[in-house]
Structure formats: C-alpha cells, structure tokens
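Asks: Here is what each chain is made of, one letter per residue.
There are 2 protein chains.
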Amino acid sequence: MNQEEELQKQSYDVNKYRTPDGAPADIVMFTITKRERKMMTKMLPIYELKVMLIRRRKWPCAGLWALPGGFAGENESMHGAARRELKEETGVDGGHLEYLGVYSKPGRDPRGWIISHAFFALVAESVLEKRRAADDAEAVGLFTIHEALNELELAFDHRDIIEDAYRRIQLQMLQTTIAKQFLPEHFTLGELYQVIKTVVPDFEEPNFIRKITSTRSRKGILEEVRDENGKKLSSNQYSQRPAQLYRFTDIVPKLSIYT
Amino acid sequence: MNQEEELQKQSYDVNKYRTPDGAPADIVMFTITKRERKMMTKMLPIYELKVMLIRRRKWPCAGLWALPGGFAGENESMHGAARRELKEETGVDGGHLEYLGVYSKPGRDPRGWIISHAFFALVAESVLEKRRAADDAEAVGLFTIHEALNELELAFDHRDIIEDAYRRIQLQMLQTTIAKQFLPEHFTLGELYQVIKTVVPDFEEPNFIRKITSTRSRKGILEEVRDENGKKLSSNQYSQRPAQLYRFTDIVPKLSIYT
DNA sequence: CTAATAGTGTCTGTGAGACAATATGGT
DNA sequence: ACCATATTGTCTCACAGACACTATTAG
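So the sequence lines, in the order shown, correspond to chains H and A. If you're matching positions, the first sequence starts at 819 in this note's numbering and goes up one per residue. If you're matching positions, the second sequence starts at 819 in this note's numbering and goes up one per residue.
Because the hints were derived from the structure by calculation, they are not lab data. Mixed in with the good hints there might be a few duds.
Put simply, identical chains are the same to the list, so a pair is met inside one copy or across any two.
Stated by the list, open to error - In the DSBU-like style, the derived pairs of lysine-lysine whose C-alpha atoms are separated by at most 35 Å in a straight line are: (1) 1015 <-> 1049; (2) 852 <-> 998; (3) 834 <-> 948; (4) 948 <-> 905; (5) 948 <-> 852; (6) 1029 <-> 905; (7) 834 <-> 876; (8) 834 <-> 1050; (9) 1072 <-> 852; (10) 998 <-> 1072; (11) 905 <-> 923; (12) 998 <-> 948; (13) 852 <-> 1050; (14) 876 <-> 948; (15) 1015 <-> 1072; (16) 1015 <-> 1029; (17) 948 <-> 1015; (18) 860 <-> 998.
Quantities reported herein were computed from a predicted structural model and do not represent experimental measurements.
Model the full assembly from the supplied sequences, consistent with the hints where possible.
Replies: Laid out in structure tokens, this is it:
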C-alpha cells in the first residue's frame, strides 16, 4: 500500500455512518409428512407440506410463532450462518439449503435496523420429529403451509417470508429436481407424482407415467433402478401391483421458452 | 404492551453485539450495444452485451473498476436503496431491476464487516451513454462481459458478483421475457434471435421462426403487430425483404420439467 | 371377486427437426 | 443479377392428450 492510500485509509472512519443493528439468517424449513391411511387394503399415504416454526419466548414478538434463525457473526458469511443455524436446529449438516432473499423493510423489527436474510431448507420428516422430541415440544411446531399462512400469528414479517418461500419451492419443484429431497433414493412414479402434487396442488397430469417415460426433452432426468443382474426393481409398498422403481440421474434439466 | 414485555424490551441492548459496518447495494447494469456494420447492403448489426463499471477514486481499491452502488440508509429497504442508486447513476426510474443475492464472505471489504447486496438492471444503451457523457468519462466504463471478467482488475469480490449476474441473466433470457428490455416495443424475430444469442451465445435454434410462430406451449408470449386496419406491420430496417414485427404479450410463460 | 394402483393400446392431431425452395427489395 | 435476410413447403417421426383397457396382488 502506498503512502496516499495509507492516508486515505486512516481518514476513513467506519463509525461515521449509521450502521445496521444486525443481520440474522432465518430459515424456512420445509418437510413433507406422510400419513398412512388405515385401510384394509394398501393405499397411497396422505402427503402434507409442512413448515417448522418456533414459539418466541422473549421480546420482541414474545408468544408468536417465528422462523428458526439467528444473528450472523462477523466471521461467517450469511450462507455459513444459515448452515450453522440449520445444524443447530435440526442436527442436519447438508441437505438442500438455498438462499431466498433479503428482508429489509424499515421498521420490520422493533429492535432496530435489522436486515434479515431468508433461506429455505428441505429436510426429512424424521429429522424434524427428532428436533421436536429433543426440545420442549411446546416451543416447536410443525404446521401445514396453509395453517402457517392463514391461522397463525407470526412474528415480524415472517408471513411474507413464508409466502415467498412457498412460491419459490413451487417453482423449483416444477423446474428442478428438488423433488428428490422429499423422496427416498428409489421411488415409484406414483410417489413422485404425489410429492409434486403436494407442493404444487394445481399440478395435474393425467398421463404422468406416459410423459415421464417417453419425451425426448425430459429424457435422462429419471432412470429405472435395476439390480446387479440388470433386472428392473419394483416395489409394492403402496399398491398391490408392484411398481417400477426410479431414481434421479445427475442430469440438470435446462428449460427455455424458445426451444 | 404489557408490563413484562416492557421490562424485556428495556433489558434488550442493541449494542451488546458486534453489528455490521454497512450494507451497500451494488448494481450490475447490463446493456446491449448495437453496432451497424458498414456495408453496401443492409445487414444485421453487431450486438454486444456490456456492463457498466466505475473507476474507484478512494480507498479501498482506489484505481480499480467497481460496480456502481452505495450504502443503504436506515430508512429504506435494500431494494429501495438499489432503485435510488440506479436512478442516481443513470437517471432511469423503473426498468428492470432485480435482486441477485447477498455477498458476505468475511474479509471481502477492508473497511470492515460489509454485507453487500447485489442487484442487476437492464437498461437501454442510450441511457448509459448519457451517463457517460454527463460524468467524467474517465471514471465510467462500458465493457463487454468478456472484458470485465477476463481483462479488468475489479474491486472487492465484484468479479464473483458479475459472474453470478451473468449466469442469472442467461437463465432469465431463456426462461422469461426479459429480452423485451433490450428490444424496442416492436421488433422482428431476427432481432429477438440476435438479442438472445448475444446474451446466451450457446443458443442455437436453426428453425427459430418456425418454432416461435407455431408451438402450443409458447403460444401467446408473442403476437404480431397490426395497424388500426388489422394489417400486419413489417420492417425492413435490417433486411431487404421486410420482416413481420412482433411484440411481447403480457403472458407469463410457465415452464416445467414434468409437462 | 374386489379394490386400488400400475401400466399399455390405440387413435388423432400437431409440433420438432431438417433442409430445400422461394420471396423481397436495395445496390 | 446479386446479396442478405425473411418466410414457406415438404416430409418424417415423435410426442401430447384422451380414454379405455389390461395387469398385479393382498385381502
């Protein structure tokens, strides 16, 4: 650094300006719960998209439900803070964690100028159940997206965040292969279809199997699971007739409105 | 607020924690320049995707090229700050301005703990030229994306930001109708094709006109321009044979890998 | 046999892809 | 006539969409 630079540096005062009072990472944790239907005969379970919320104990917004999260420290990135929080809350390290956006509307947090960073995570149902058992069950809730948005009083602007996250996960569900986060390694097309419909209720594709098993454009994102002898594997967990098992390949589909 | 809440509030000290030293909004301003080729006969112009950069005068990173931007204030959202900066820099109020992401890697800014918010904007070439004329031309540069990424020394982590913005605009170009930001109200399919190819060089569609003018799935995003008598309008600005003019409709295309 | 899910047959229409052929109008 | 660009003709094959039909197996 030359002399002039050194001079400029010394004349810079970081405290000259009003600075933010904190930058938390808040995480919308989604899971899909499966509820077996009690029936004589095998049936597909009922799937529901759920969100984990925490009941706040302290000011501000004490008593309201809020997204899990916490303030980032000086020596971590926002993404790092989110990963840390996710691990603290669920014990999960890894899994799908994705940045959603920044929430910075003035006055959104009575503590001051708090710029919040929202993420969303997709975790297995079992993980959240564990978390719920470990902690005070009173303070941890798993709600359907509908309950969270329409029936709960939420802290800060967390309703906006959850709405945005819901829109985003619906987009992703149709445009990427995140469905795999909600499915076992091997799954039937019936399961895949149910998972998609759970996240995107409007999704209707009467000929789903037909399309998924043909189609040049989609070709490659799914492949049949075979055993070591090359024989196709199937499952009859949810149906009398065994269904072919599939897995996602590593192919990343590219979509375009002009192609 | 009841008594207990009041108590908790008073015991909360915002200064108890280390807080960020600032939250700037940085904007990647894209434009597409058109260069007419000097030829006897009419030809399509050469299109280039460019980025506006500013040469920093002060510490830190004095002398390096940086994205235009500035710190957000306490009474504005990050998006508001970006809109304000965009207006200050270009005079443009409106246009396409979109959030890109947060850049918060520790040590990214020698001034301290600075959490930067990147946006990208698409503006008309004429606007940036005006800006360049108004200001000290030395300090404002318009570079091709290739120059910016490979030949320039950039401040902070702005290279990462520009790379991310480039990836994002390429995605958007194929999956949304942002191409309209780079086109006049009415345009020919040749122009549209060139704009797409400028942003996404890999895009190859030999039968472009064919597909765009048929196709069930894309149907609706474009429509022919007609005069008040319903006669189709055409332009021969870039070709001898006049070409049909089109405009984007308001239809938002929905893409899915499963449909 | 029945119930519930998995998967195929069949038929029609239309788009994709390739490429050749033709249209337009300034120079 | 020539050129660069715009647009249509033509042909084949694959897929979309609809819907009825068959397959599988526990109970």
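Asks: With reference to the structure, classify each hint as holding or not holding.
Replies: So, going through the hints one by one against the coordinates:
1. 1015 <-> 1049: Within one copy only: 30 Å inside, 45 Å across.
2. 852 <-> 998: Classified as within; 15 Å inside a copy, 44 Å across copies.
3. 834 <-> 948: between (47 Å within a copy, 33 Å between copies)
4. 948 <-> 905: Answer is within: at 13 Å inside a copy they meet the 35 Å cutoff, but 50 Å across does not.
5. 948 <-> 852: within (16 Å within a copy, 59 Å between copies)
6. 1029 <-> 905: For residue 1029 and residue 905, the Cα distance exceeds 35 Å both inside one copy (38 Å) and across copies (48 Å).
7. 834 <-> 876: both (32 Å within a copy, 16 Å between copies)
8. 834 <-> 1050: Answer is neither: 68 Å inside a copy and 61 Å across each miss the 35 Å cutoff.
9. 1072 <-> 852: both (30 Å within a copy, 28 Å between copies)
10. 998 <-> 1072: both (17 Å within a copy, 21 Å between copies)
11. 905 <-> 923: Both, since 28 Å and 19 Å are each at most 35 Å.
12. 998 <-> 948: Classified as within; 21 Å inside a copy, 50 Å across copies.
13. 852 <-> 1050: Within one copy, since 26 Å is at most 35 Å while 56 Å is not.
14. 876 <-> 948: Answer is within: at 24 Å inside a copy they meet the 35 Å cutoff, but 53 Å across does not.
15. 1015 <-> 1072: both (22 Å within a copy, 16 Å between copies)
16. 1015 <-> 1029: both (16 Å within a copy, 30 Å between copies)
17. 948 <-> 1015: So residue 948 and residue 1015 pass the 35 Å test inside one copy only (26 Å; across, 50 Å).
18. 860 <-> 998: within (23 Å within a copy, 52 Å between copies)
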